[in-house]
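2 protein chains.
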Amino acid sequence: MLAETKERAAAYRATADGLVTLGPELTELMMRLDARICEWAREIQAAPMIFPPLMRVSDLDRLDYFRNFPHLGMVVTGIRSDHQAELTAKARHTHVAAGHVCDGHHLLPSAACYNIYLDLDGTVLDRPRYVTTAARCFRREEHYDGLRRLAGFTMREIVCIGPAASVQEHLKSFRRRIAEFAGAIDLPLSIKPATDPFFSQDSARLAMQSLFPVKEEFLYGDGLAIASVNFHRNFFGEKCGISLAEGGPAFSGCVAFGLERWLHALLDRYDGDMPRIIATLAL
Amino acid sequence: MLAETKERAAAYRATADGLVTLGPELTELMMRLDARICEWAREIQAAPMIFPPLMRVSDLDRLDYFRNFPHLGMVVTGIRSDHQAELTAKARHTHVAAGHVCDGHHLLPSAACYNIYLDLDGTVLDRPRYVTTAARCFRREEHYDGLRRLAGFTMREIVCIGPAASVQEHLKSFRRRIAEFAGAIDLPLSIKPATDPFFSQDSARLAMQSLFPVKEEFLYGDGLAIASVNFHRNFFGEKCGISLAEGGPAFSGCVAFGLERWLHALLDRYDGDMPRIIATLAL
Numbered sequence: 001m002l003a004e005t006k007e008r009a010a011a012y013r014a015t016a017d018g019l020v021t022l023g024p025e026l027t028e029l030m031m032r033l034d035a036r037i038c039e040w041a042r043e044i045q046a047a048p049m050i051f052p053p054l055m056r057v058s059d060l061d062r063l064d065y066f067r068n069f070p071h072l073g074m075v076v077t078g079i080r081s082d083h084q085a086e087l088t089a090k091a092r093h094t095h096v097a098a099g100h101v102c103d104g105h106h107l108l109p110s111a112a113c114y115n116i117y118l119d120l121d122g123t124v125l126d127r128p129r130y131v132t133t134a135a136r137c138f139r140r141e142e143h144y145d146g147l148r149r150l151a152g153f154t155m156r157e158i159v160c161i162g163p164a165a166s167v168q169e170h171l172k173s174f175r176r177r178i179a180e181f182a183g184a185i186d187l188p189l190s191i192k193p194a195t196d197p198f199f200s201q202d203s204a205r206l207a208m209q210s211l212f213p214v215k216e217e218f219l220y221g222d223g224l225a226i227a228s229v230n231f232h233r234n235f236f237g238e239k240c241g242i243s244l245a246e247g248g249p250a251f252s253g254c255v256a257f258g259l260e261r262w263l264h265a266l267l268d269r270y271d272g273d274m275p276r277i278i279a280t281l282a283l
Numbered sequence: 001m002l003a004e005t006k007e008r009a010a011a012y013r014a015t016a017d018g019l020v021t022l023g024p025e026l027t028e029l030m031m032r033l034d035a036r037i038c039e040w041a042r043e044i045q046a047a048p049m050i051f052p053p054l055m056r057v058s059d060l061d062r063l064d065y066f067r068n069f070p071h072l073g074m075v076v077t078g079i080r081s082d083h084q085a086e087l088t089a090k091a092r093h094t095h096v097a098a099g100h101v102c103d104g105h106h107l108l109p110s111a112a113c114y115n116i117y118l119d120l121d122g123t124v125l126d127r128p129r130y131v132t133t134a135a136r137c138f139r140r141e142e143h144y145d146g147l148r149r150l151a152g153f154t155m156r157e158i159v160c161i162g163p164a165a166s167v168q169e170h171l172k173s174f175r176r177r178i179a180e181f182a183g184a185i186d187l188p189l190s191i192k193p194a195t196d197p198f199f200s201q202d203s204a205r206l207a208m209q210s211l212f213p214v215k216e217e218f219l220y221g222d223g224l225a226i227a228s229v230n231f232h233r234n235f236f237g238e239k240c241g242i243s244l245a246e247g248g249p250a251f252s253g254c255v256a257f258g259l260e261r262w263l264h265a266l267l268d269r270y271d272g273d274m275p276r277i278i279a280t281l282a283l
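Heads up: the protein sequence lines correspond to chains A and B, in order.
Numbered according to the working numbering, the first sequence spans residues 1 to 283.
Numbered according to the working numbering, the second sequence spans residues 1 to 283.
For reference, chain A alone in the conformation it holds in the complex:
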């Protein structure tokens, strides 16, 4: 395992509760990797944006979040004022009891791109929009695993919202770009269609999904998805009231990169040889 060799152990520290600390070399590597993806975003003139680190329950509700992913959700809430004095007085806290917290009006984001669609609420698009954003995303999992599966991880996305043809062209061009990049840095990836759980509970949508790929994942090694291209059809356009000037809800699609998983793949592929990884990425 990665973390067992001495060099690699120094590079990062991962815990059983899904938290990772990146040392200077991996911090540098993650910034370079993100800078590379941002170059691609710049080439297509995607607007870089920074979105809030908390999402409203009511906004996630509009996106059917609680119908599909209640088990993954991480609720953010305060400590009830009538229990604060108790906490102050007591020693040795390992947790905040459920009975001591307020109702939660926010969740941590589970994907970077939801905020992009919510931000366009009520917009009529006369041309496709391209947006890029990175966010710390959070998912509550049964178990965590090094850089492969974290409670909080970093997702960079490049999104297109507009007519179906523009979105499909966006996804096609990034599918090619990722494959070329992986080839150039000699990182063996396989491409596999996947099912997007967003649509899994609706049989009409599921039937649609089988007609053409809605989600394709780029897998490293034994099946770790490090990137994906996702066609949402007009799901977010409908839910967020984003319309096309020619009529009807807008289509959308995103290209998503799980940055810590890329670190895992690069460390594994190059046996932890950081100078070689840095040199390879600088290609």
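Bear in mind the hints are in silico, worked out from the structure with no lab data behind them.
A few of these clues could be false.
Which copy? The list can't say, so a pair holds if one copy fits it or any two copies do.
[As the list claims (entries may be wrong)] 20 angstroms max Cα-Cα, derived EDC-like pairs, lysine to aspartate or glutamate:
(1) K172 <-> D64
(2) K90 <-> D64
(3) K90 <-> D61
(4) K239 <-> D119
(5) K172 <-> E217
(6) K239 <-> D61
(7) K90 <-> D59
(8) K90 <-> D103
(9) K239 <-> D271
(10) K239 <-> E28
(11) K239 <-> D121
(12) K172 <-> E39
(13) K172 <-> E216
(14) K192 <-> D145
(15) K239 <-> D126
(16) K192 <-> E169
Note that the structure is a prediction, hence the values are computed from the model and not measured.
Got chain A sorted already, so can you dock chain B onto it with the hints?
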């Protein structure tokens, strides 16, 4: 008010619950500003690191967090499995009820540097350590205010841990550097001693604090702290078991920048003229 002019309204969107969306220009500006601060960190060979986006209740407890700041804390927790089906079935969620969540074992960080000290737990230092990190930090406040007071904001810190003299020299040099930078970009700042709430409940410490400045803030306009230099004495060294090779707990001090507040100050000072701000920062 900033957000009332048309250009500025387009630059960011802030909400009453303390969340802000930055448009492309401000996203770019924040990245440039952070890059500038990172140059200073590089000059002193501070190690760049990325820490987990969640902190353990037990770790914060070691730092007396619940004795001092229980009211500011944002607890992160999951939805109880026996209530998930209920959420799935019901429509129109505006919140997750307190009775539906699990005990919380994590909080969102309220400062970027806590993780640095916790990461050095058990270390014996034979020379001062310099570390830089940026983090989304969170504080539960009575009210929020544009870019000035957010539920989640971005803090860049440059920390020194070591002998008292090294720490004090670090803080002194950054005090000068910030003042010079503010002069160069023509941003009027005043410097004021402040009290650090970490030490406010202990009269011996409070007496110590009055002997020499422990915290100084750089204030813009009507008193908005956009940066601070903080001398922690050996508080974190003691709490986290960080020792000096010559004996005794290590001292520490941090220089902290609230990036969104710098955006506010720059927008205000330059009347929202983004090209001029960018040109000024490129000095």
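Report task. Please flag the earlier hints that this structure goes against, numbers listed from lowest up. Result -> 1, 9, 10 and 14
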